[in-house]
Every structure is written in C-alpha cells, then in structure tokens.
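*Asks:* Protein chains in written order, with the working numbering: chain A, 1 to 302; chain B, 1001 to 1358.
Don't read these hints as lab results, they were simulated from the structure.
The model shown is predicted, which means the values in this text are computed figures rather than measured ones.
We put the CB at the ideal spot given by N, CA and C, even for glycine.
Heads up, a few of these hints could be off.
[To be verified] When the alpha-carbon atoms are kept at most 25 Å apart in a straight line, the in silico SDA-like pairs for lysine to any residue are as follows:
#1 B:Lys-1101 <-> A:Gln-210
#2 B:Lys-1015 <-> A:Asn-110
#3 B:Lys-1054 <-> A:Ile-14
#4 B:Lys-1090 <-> A:Gly-192
#5 B:Lys-1054 <-> A:Ala-109
#6 B:Lys-1107 <-> A:Pro-218
#7 B:Lys-1090 <-> A:Ile-62
#8 B:Lys-1054 <-> A:Asp-196
#9 B:Lys-1224 <-> B:Thr-1347
#10 B:Lys-1015 <-> A:Asn-207
#11 B:Lys-1107 <-> A:Asn-207
#12 B:Lys-1101 <-> A:Pro-218
#13 B:Lys-1090 <-> A:Arg-213
#14 B:Lys-1025 <-> B:Glu-1181
#15 B:Lys-1224 <-> B:Arg-1203
#16 B:Lys-1090 <-> A:Gln-191
#17 B:Lys-1054 <-> B:Asn-1008
#18 B:Lys-1015 <-> A:Arg-111
#19 B:Lys-1295 <-> B:Thr-1217
#20 B:Lys-1090 <-> A:Tyr-102
#21 B:Lys-1107 <-> B:Pro-1124
[As the list claims (entries may be wrong)] Now the stretches of chain B that chain A is said to cover, found in silico as 3 or more residues with beta-carbon under 8 Å:
#22 1047-1056
#23 1062-1073
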Amino acid sequence: MVTEIKQSFLPAVIGWFQKKPIFRILFLVGPVGLWLGVFLLLPLLALLLYSFWTHGPGGAVIPVLTLENYTRFFTTAIYPRILLRSFNVGLQTTLLCLILAYPVAYYLANRRRDSTTLVFLLLVPFWTSYLIRIFSWMLILMEKGVINSTLLKLGLIDEPLRLLFTPLAVIIGMTYSGLPFMILPIYAVLQGIDRDLVQAAKSLGANNLQAFREVTLPLSLPGVMAGCVIVFIQGAGNFLAPAILGGTGADLMANVIANRFLQTFNWPFGSALAIIFLVAMLGFLVIVNRFIALEDIYGPNK
Amino acid sequence: MIDVELTNVTKRFGKVVAVDDISLKVKRGEFLTLLGPSGCGKTTTMRMIAGLEKPTTGVIHIREKDITFAPPYQRDASLMFQNYALFPHKTVFDNVAFGLKYGRVPKEERRKLVNEALELVHLPGIESRYPRQLSGGQQQRVALARALVVHPAVLLLDEPLSNLDRKLRERMQVELKQIQEQVGVTFIFVTHDQQEALTLSDRIAVMNQGVIEQMGTPLEIYEKPRSRFVAEFVGQSNLFEGRVIDRKDSEVVFNTTGGLTLRLSASGGATAQAGTAMHLRAERVQLCLEEPESKTQNVIPAVIERALFAGNMIQYLLRLPGGETLLATQPSTGEAPLAHDVMVWATFSPEDCLLLRG
Chain A
1 MVTEIKQSFL PAVIGWFQKK PIFRILFLVG PVGLWLGVFL LLPLLALLLY
51 SFWTHGPGGA VIPVLTLENY TRFFTTAIYP RILLRSFNVG LQTTLLCLIL
101 AYPVAYYLAN RRRDSTTLVF LLLVPFWTSY LIRIFSWMLI LMEKGVINST
151 LLKLGLIDEP LRLLFTPLAV IIGMTYSGLP FMILPIYAVL QGIDRDLVQA
201 AKSLGANNLQ AFREVTLPLS LPGVMAGCVI VFIQGAGNFL APAILGGTGA
251 DLMANVIANR FLQTFNWPFG SALAIIFLVA MLGFLVIVNR FIALEDIYGP
301 NK
Chain B
1001 MIDVELTNVT KRFGKVVAVD DISLKVKRGE FLTLLGPSGC GKTTTMRMIA
1051 GLEKPTTGVI HIREKDITFA PPYQRDASLM FQNYALFPHK TVFDNVAFGL
1101 KYGRVPKEER RKLVNEALEL VHLPGIESRY PRQLSGGQQQ RVALARALVV
1151 HPAVLLLDEP LSNLDRKLRE RMQVELKQIQ EQVGVTFIFV THDQQEALTL
1201 SDRIAVMNQG VIEQMGTPLE IYEKPRSRFV AEFVGQSNLF EGRVIDRKDS
1251 EVVFNTTGGL TLRLSASGGA TAQAGTAMHL RAERVQLCLE EPESKTQNVI
1301 PAVIERALFA GNMIQYLLRL PGGETLLATQ PSTGEAPLAH DVMVWATFSP
1351 EDCLLLRG
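My request is simple: use the sequences and hints to build the entire structure.
*Replies:* Structure (structure tokens):
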C-alpha cells in the first residue's frame, strides 16, 4: 500500500508542478520570498510610514502625517553633510580596497598551482565576529598600539601618531573588512578568463602590459564592479567601524540613524533618515550602473 | 628558403619529456602538419615556435633569426587557437586590427588591411559585430583573418578545425588550403586527424612520444610508413607479426605467427632487412567468393566475422585460418554486405605488402 501511494503520489506532484509554471516558481522562490516579505519588506514599509508621522514627547510616535522629518534633513546642514561623508568614505574605502585587492586576485588566479587553500584562508577572518575584528584594530591603532610603538622604537617618530578615533581609522578598518569581498569576485572572474586570449594578444604583438590592458583588465570588469558595489554598500552604510574606530566627527549615516532610534528616541526622524539614505544609495547605484553598462563589455545581446 | 628551423629541441616538464630532441626545417610557403595522438608533443612543439613555451635545450630559428627565448610578441609567428580565442569584448574589426595596432601599422592603413583580410576569408561586412554574434565557422574565419592580417613568416594552427561539425570541417579544409596557397604563408598545422593531415599538407611529421617518427609527403607517409606506429596511426592497416624465411631477388617470403606464408615484392616494401611485421592497407585487399587463379597474388581463405556498412564502402573484419584477423574495405557496389560466416578468398598483391622493423 505504502509503495503504491508513493508511486502514484510523486509523479502526480511533479506533473502538477510541470503543468503550472507558477507553482514551480512558488515552490522554488516562495519560501525566501515569504521570509524577505515578512522580515524585510514589512519593516521597510513600517519605516516609510513612521517617517511621515509626528514625533511626540518622551519618544512617542503620533500618527499624524507630516513632512517635517524630511524638511528637517534638508534644512539642517549637518545631515546632508553626513550623507555626503558616508558616500565619500564609502568611495574611498572602495578605491583603496580595489587597489589592494586586484593584484592579490590576479596572483591567485594566475598561480600555476591550485589556489583553493589560499582562497579559503581569505575566509578565515569570518570565523571571528566583525565586532571583535574591529576592536582588534583599536589595539593596532591606539596611542600605545602596535603601529605607534613600532615606529617609536625604530625612531621614525618622536611622539605617538594620532591614528585611532580619526576618519582614517574608519577607512582602514573598513578596507580591511572589505578586502575579501573585493578579492573574491575579481578572482572568480579572472580565473574564468580564457588564457588563450592573453596568449593570442601576445602572439599578435602585444607585450605583457599591453595584453593586460587590452584583454585581462576589460574582461575582469564585471568582477571589479561586483566587488566595488559590495564594498561600497558595506562601507557607506557601515555602523561599527565609525562607532568604534572613528572620533566624534567620523559618524556616518548609520550612526546618526542608530542615534535617533536609540538615544533621542525620535523614531519618525530616524525613519526618514533611513529612507533618505536608502533612496540615495539606490539612486547612486542605478546611476553607476547606467554609466558603466556591463553588458556593453561583450557587445549587444543578439 | 627556410622559414622555420628547429635544431635538437627538447622540452621537459619536470621529469616528463614532452619533446625529445627534434629537428626540422620548414620551407617558405610550405604546409607542414605535425600529426600525432594527444600527448605526442605536437602542441608543445608548436607552442615553443610561438614562444608560449621555452625549450629546455635546442635552438629555434624563424627566418634565420634565433628566437629560441624571444617573447611571443617579438616573433614573426601568428597563432590560431583551437577555440579561436577571439577577444569577446572587441568587435570583429578590432579583433582583426589587433595585430596591426601593435605591429605599428598606421590607423588609416588598418581599415584597408582588415577589409582585405576579411575578404580573403569570405566574410566581408561583419566588422562591427561581436564574436558571440557569429557562428562557429564565422569565428574560425575571423580568427584566420586576425592571424594572417599581420603577414607573419609562419602561421601556427592548433587543431583549428576540430570544433566544427564534419560538413563544415571538410569545407574549411578546402578553403584553408586555398587561402594558404593564395597568401603563400608558411603554415605549421597541428592535428590528430590523419585524414585532415593527408588532405592538407605538403609534408607531414608524424609524432609519437616526443619524437618525429617519420617525415614526408602525405603519399610517402601513407604508402611507405617506416614504423608500426606510423602504419597504424595513418589509415586502416593490417599488421602481421612473423619473420622472413626466404629472400630471393624479386621476392621475400614471410611467415606469420599464425602460420600464413605471404609473398612480398622485394623491390616494393620489403627492403628492410630483418622485418618482424608485415603491413598491408585494408583497401588493398580484394574479396572473392571463388578461389581466384593467380600465381602472383597472395590468396588466403577467410571467413567474414563482421561487416560494417559505411555508405561509400564496406568494412569487413575477416578471420584467417591461423586465428589472425584481416581488415578489408571494399567499395560499395549497391549490393548488401556479405553476411557473417560467409567463406571468401582474400587476395592482395605482393607489391602492397610492406615489411616493418621492430
């Protein structure tokens, strides 16, 4: 009996899925769609709603529609400045990461031997929490930290450099944590480039540098773009690094938003800041995507 | 005029000897094929000429210039890859013009030369397309145009036709040969396909385990293979183990281990003194249902073991009295192939028998 049921049950279910593509889609992406809907989309909509409500005394949220939260952002100089700083710090981190990561990715992809172990080592830092890794940078950057004591001993400086609690410290910390996210996609793309293409370029008269510029670099751009987007988003939206490594003037949007929610208990204004930041980030990425259309690298589709 | 010359070239990868002390000369305008199974060293040889590998020992000259250790971009050699290696992010024009750009050809001249090259490969008017918009055959032609547009001393082709389907491959063979004759560039062609090698080449170097087993015209390679390897790799062969038992002025008598006594023409292939194997092409065997009366031919009774119909011919596997087998291909006549177990007489001329050493 049991086997009979199994035999008749499975093909029926499979047939059902095959007949109705909509069921197949629901089956495959339904669970994650539900998850994201409940835990991402709904909270986001709540934020959107809050951002148009009124802030009352004692952190109360009064459901009276207002644009005050948004006008406050644009009329107070400090907020647009922090938004700009977030983008600026994000871009600097991205650029620094790219400069450091590309040669590493290139090396990993062009080694004669298998790079799996080395690539795996890139992921080892993730075994430790992000918080702890950022804290450990305090030990390196602080007044009596590794860098200052080394430089002092070598006699290169007379008094400790002020590294910790500066915007530079934030960029250093975020660049460190962003590196694997930059190296991996570039490595993956570089590894997929047909070696024959570089050899073809050389046999046609291009030297190593010219072959790199003409073939490897343009073909690796999809990986570069992927890495840059991930690192930029993580950088511009970072909370921990500015909170721990940055000084008073190093706050980014995430810190300001958190501050509104957790310290001044102004949820409507915090929500408005979050929405503004989200829209600004999305807008920026759309513009970048337009500007550097990746599909153009391989020519038009058909 | 010698375009390419290899002198005692050896290439080792660690302990593996990929190419073992080979020497060869390629004349200007010649179509030379390096033929052999995978791992025989043919591709490594070609890559050393291209500069993609450095020889362990030995010297390579292109047009009398020692380029043994010169980088690829300083050699007068173009390379055409098996998978074409067209730059996917560049248009056909930019692909073909690539070599001109780095060959310091002025921009104004490039357009003219690219157009000429594309016309040569019968693909005018596709300059602005991208490689992935082209069919396999078109990509192939673009790759050929890209390699030829720089007028190299030698064009190296690494199994360029192996990714094409059969019909297209046969058409491209003819075209490749025509183009080669038209431009007069020296071609060094690497393939494992013996039919392709025979069709295209002026000369063939048959390679095995890093050495050149035999070098000669397609006819020489096919008719007078000098080793078992060449005999078996090229064409369909029968090899009989055995020994020479008698030698007269015009005739050599060979006894196979299966107990057959065969006559070989002394003037033909039996020149080798102490042969231990006899070689016979499958298509030189004739099958008769009744015993032919011939004093000069070798005539052996045989039983059909298997018949394979291949359209233009039928391939028979025959069992001989001593337990040996004989491969015989017969032209297709429109009649059904002979059935399993049918008794026939296999007949072949002493002239077609060749004694092989070792």
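*Asks:* Verify the proposed pairing of Lys-1090 of chain B with Gly-192 of chain A, using a straight-line Cα cut of 25 Å.
*Replies:* holds (17 Å)
*Asks:* Given the hinted pair Lys-1054 of chain B and Ala-109 of chain A, is their Cα-Cα distance within 25 Å?
*Replies:* Within the cut-off at roughly 22 Å; holds.
*Asks:* Just to be careful, I want the Cα atoms of Lys-1015 of chain B and Asn-207 of chain A compared with a cutoff of 25 Å; is the pair within it?
*Replies:* With a Cα-Cα distance of about 31 Å, the restraint between Lys-1015 of chain B and Asn-207 of chain A is violated, given a limit of 25 Å.
*Asks:* How about the region 1062-1073 of chain B: do at least three of its residues have a C-beta closer than 8 Å to a C-beta of chain A?
*Replies:* holds (count 3)
*Asks:* For a C-alpha distance cap of 25 Å, please report whether Lys-1107 of chain B and Asn-207 of chain A respect it.
*Replies:* holds (19 Å)
*Asks:* Does Pro-218 of chain A lie within 25 Å of Lys-1107 of chain B when you go C-alpha to C-alpha?
*Replies:* Holds: Lys-1107 of chain B and Pro-218 of chain A sit about 22 Å apart, inside 25 Å.
*Asks:* Need the status of pair Lys-1224 of chain B, Thr-1347 of chain B: alpha-carbon distance at most 25 Å?
*Replies:* holds (20 Å)
*Asks:* When you check the alpha-carbon spacing of Lys-1090 of chain B and Arg-213 of chain A, does it fall within 25 Å?
*Replies:* holds (13 Å)
*Asks:* With a cut-off of 25 Å on the C-alpha distance, tell me whether Lys-1101 of chain B and Pro-218 of chain A pass.
*Replies:* holds (17 Å)
*Asks:* Checking one constraint from the list: CA of Lys-1025 of chain B to CA of Glu-1181 of chain B, max 25 Å. Satisfied?
*Replies:* This hinted pair holds, its Cα atoms lying about 19 Å apart.
*Asks:* Check whether the Cα positions of Lys-1090 of chain B and Ile-62 of chain A lie no farther apart than 25 Å.
*Replies:* Status violated; Cα separation ~60 Å.
*Asks:* For the pair supplied as a hint, Lys-1054 of chain B and Ile-14 of chain A, is the alpha-carbon distance within the 25 Å limit?
*Replies:* violated (58 Å)
This entry does not satisfy hints 3, 7, 10 and 19, going by the numbered hints stated previously.
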